[in-house]
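Protein chains: 2
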Amino acid sequence: MLVELINTGTELMLGRVLNTHQQWICRKLADLGYVVTRQTAVPDTGIDIRQAVMEALSRADLVITTGGLGPTSDDITRDLVAQMLGKGLKEDPEVLAHIRHFFERLRRPMPVRTGIQAMVPEGALVLPNPHGTAPGLAIEVRPNPYRAGGAAAWLVMLPGPPRELRPMFADSVVPLLKRVLPLASPFVCRTLRTAGIGESVVQEKVAGPLAGAVGEGMDLGYCARPGQVDVRLAARGPGAERVVGEAEAIVQEVLGPQIYGIEDEEQETALVRLLASRSLTLALAESCTGGCIANRVTNVPGASAVLLAALVTYSNPAKETFLGVQAETLARHGAVSEPVAREMAEGARRQTRADYALSVTGIAGPGGGTPDKPVGTVFIGLAGPAGTVVEHRMNPWDRETFKQVTAQQALDLLRRTVARAPGN
Amino acid sequence: MLVELINTGTELMLGRVLNTHQQWICRKLADLGYVVTRQTAVPDTGIDIRQAVMEALSRADLVITTGGLGPTSDDITRDLVAQMLGKGLKEDPEVLAHIRHFFERLRRPMPVRTGIQAMVPEGALVLPNPHGTAPGLAIEVRPNPYRAGGAAAWLVMLPGPPRELRPMFADSVVPLLKRVLPLASPFVCRTLRTAGIGESVVQEKVAGPLAGAVGEGMDLGYCARPGQVDVRLAARGPGAERVVGEAEAIVQEVLGPQIYGIEDEEQETALVRLLASRSLTLALAESCTGGCIANRVTNVPGASAVLLAALVTYSNPAKETFLGVQAETLARHGAVSEPVAREMAEGARRQTRADYALSVTGIAGPGGGTPDKPVGTVFIGLAGPAGTVVEHRMNPWDRETFKQVTAQQALDLLRRTVARAPGN
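One line per chain: the protein sequences are A and B, in this order.
Going by my numbering, the letters in the first sequence line up with residues 1 to 424, in that order.
Going by my numbering, the letters in the second sequence line up with residues 1001 to 1424, in that order.
Hints in this document: simulated from the structure, not taken from any laboratory.
Glycine is no exception: its CB is placed at the ideal position from the N, C-alpha and C atoms.
Don't take each hint at face value.
Said to hold, decoys possible - One side only, chain A facing chain B, incomplete, derived with CB under 8 Å:
id : residue
1  : 13
2  : 255
3  : 322
Said to hold, decoys possible - 25 Å max Cα-Cα, derived SDA-like pairs, lysine to any residue:
id : chain 1 : residue 1 : chain 2 : residue 2
4  : A       : 28        : B       : 1350
5  : B       : 1028      : A       : 397
6  : A       : 373       : B       : 1302
Said to hold, decoys possible - Chain A is faced by these chain B residues, among others (derived, beta-carbon under 8 Å):
id : residue
7  : 1032
8  : 1035
9  : 1042
10 : 1046
11 : 1181
12 : 1183
13 : 1273
14 : 1277
15 : 1290
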């Protein structure tokens, strides 16, 4: 099965935006057992898109394009593909009604041009877009004029915005692939996500015990992100389920407490689920992370059952006013210190009556470091029913990475503590 | 001038890593006036890399590859290219000395295989790598066996790790390009960033007035992100500066207050700069955005001079405790209401003594909507020296987009208000 991905957009070629579609779609396809063999990005010009689509159709069984389905003059993929395949375009009344309804909900007039997104090439399947106005389109190119022998290919066109593309991929593209391009043999893939442990240590711990599974043809991969490492196990063929299952049990045994979730699950999602399942509440007191932890926790639907408040006390007076940190503690130890992290956590817990309160104070940089407390210094406090702990870490990265890694460490401290606590 | 970029790496095709090279290299080249016409990613297999390089050389004047220059068995680009071009490989004593010295500095024995990185194809220029062991390579392919007529092309091979590639690009590739592939005519590009206005409306407003510039050959493009739309103006030739300058003045006139910045600038960066330049301070009172605004503001270095505190009051008691919102207001109007947004903003301003306080309360979803206040309902309040305003918006998106768009609207309300206020 040959799969190609074409990302269209002049803004990609100008480096104005990061192409996150490549990683996301390649990852999703790889987890389903479809490996992308080539990815191409071209500008929004007819000649370039046409050439890229022609070449991909000459080689692949499945071609996925992203972008170029919107209402503006540089959105030309729909028309171009219809023309290339000799298909007429017809207005789809259901899509048009969806677009009208979309603008009604926004209480905005429907711009005339957006109606063009209801035009559908003859014979194309419409992939609904609940999060936007441009539907996705899927066409079976049969016979395929660009391929030797005319062997058929599927051409799937997806809209550019990730918040539209991602749910459409999960809800419409995956079922379509399973139906029209089923895999020849079973494929099983499992990702285990760890935090608080480096990539080389993960590798040292699991590579030996997994040697047998790898010998049986299992693919073992690692993926490191700020503060976390994923372990990916994949196998093909009739024994795939057994090999991956056994390998997963080995990784669970070896890395146990470091594993916070599987597949795509984020640390904060696992945490909200854990806290909610025990009816526990949380407060946050953030300084250097500046709301990063709160933002991640509140990305999880249902977070309001768990999070009572997050106090981003970015100044000393705010630490005193909202958390009751003592002026004397600030003066004696400085805002970035073990005692202040402790008072922040305890103050947040006292003020909100939450079961747990997590605090963070540190130096994100680029300025503000001293020989004693260099950029990257951070204290993470956790106040809970069993008392307060404070951890000292060094995260000497750029500002945004510092925030992400520190947030990850703080969430991990909380998860490990709650997981160890007697259930209730 | 046709430029192509080839990123090699099986891990890219599996979606294990994000291809940041594309954006980085495309952006650097675009700023120099070299626009990448096609980017391709292929796995680390000989047949795929060979095919991609051949195709690129058949079209482009400049081909840049990334990856495949290291010492491991899947690093095959160097050998493959030498073979394709019929060039022998010779050990370069200077490169070998650099590799030896590199390991001496690390006080580690030099692994035997790393010596292979000193092999240089005949006639290739060596691009030094002060941050790693694999040098970059540049070859003029003349005559070019893959191009009709044999027209020459430059092939530049860069190592995969970003911390090696980026300095090498700046120190070696840019001077090389200016020397061997100078631009034929001037190139000017300007991006204006807007917020609070949809992509179709932006286009409706600017397309007509810019018709003249487009007729003169100016390239007009749009790039939509949650809550913001960029307008990009680019032109080549002796009149480029004038055409883009006139077009920019037109866009400024038509979209004036909606423009928050130019080029890469983020809304929060423009805002922190604006507030800092007037010595104004800010407090935030976030409910449904859950720290998203605070997180964005604190991504900006120097935010601590502006932001005093952000109170993420995710529960009613927290709104009362930390912001002094009246229990009666909450009971009578509900937490998602104009009066609560008003009291949140005024409470945050009072408690922190900030010059401005921004508040947000709404329903992020997916749950919690009612017929009266559906998911996406949001009230944005701003308390400042001239009083308090509250805006009612509808952002019926998925949870994360809701937070981003709402944050964008809130930051934009603040920016417009401060920009209009009498300077101090």
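Structure-based check of all given hints:
Evaluation of the residue 13 of chain A hint against chain B yields a held restraint, the C-beta minimum of about 5 Å falling below 8 Å. Of the supplied interface hints, the one on residue 255 of chain A is violated, with its beta-carbon coming no nearer than about 18 Å to a beta-carbon of chain B, more than 8 Å. The interface hint given for residue 322 of chain A holds, since its Cβ lies 6 Å from the closest Cβ of chain B, which is under the 8 Å cut-off. About 49 Å separates the Cα atoms of residue 28 of chain A and residue 1350 of chain B, which puts this hinted pair outside 25 Å; it is violated.
Of the pairs offered as hints, the one joining residue 1028 of chain B and residue 397 of chain A holds, with about 23 Å between alpha carbons and a cut-off of 25 Å not exceeded. For a cut-off of 25 Å, the pair hint linking residue 373 of chain A to residue 1302 of chain B stands: about 18 Å separates their Cα positions. With a least beta-carbon distance of about 11 Å to chain A, the hint placing residue 1032 of chain B at the interface is violated under the 8 Å criterion. For residue 1035 of chain B, the interface hint holds, since its Cβ comes within 8 Å of a Cβ in chain A; the closest pair sits about 6 Å apart.
Because the beta carbon of residue 1042 of chain B sits about 6 Å from the nearest beta carbon in chain A, less than 8 Å, this interface hint is met. A least Cβ separation of about 14 Å between residue 1046 of chain B and chain A goes past the 8 Å threshold, and the interface hint is therefore violated. Checking residue 1181 of chain B against chain A: minimum C-beta separation of about 17 Å lies over 8 Å; hint violated. Hint status for residue 1183 of chain B: violated, given a least beta-carbon distance of 16 Å to chain A, over 8 Å.
The interface hint given for residue 1273 of chain B is violated, since its Cβ lies 16 Å from the closest Cβ of chain A, which is over the 8 Å cut-off. Contact between residue 1277 of chain B and chain A, as hinted, is not supported at the beta carbon level, the nearest pair being about 18 Å apart and thus beyond 8 Å. Hint status for residue 1290 of chain B relative to chain A: holds, with the closest Cβ pair at about 3 Å, below 8 Å.
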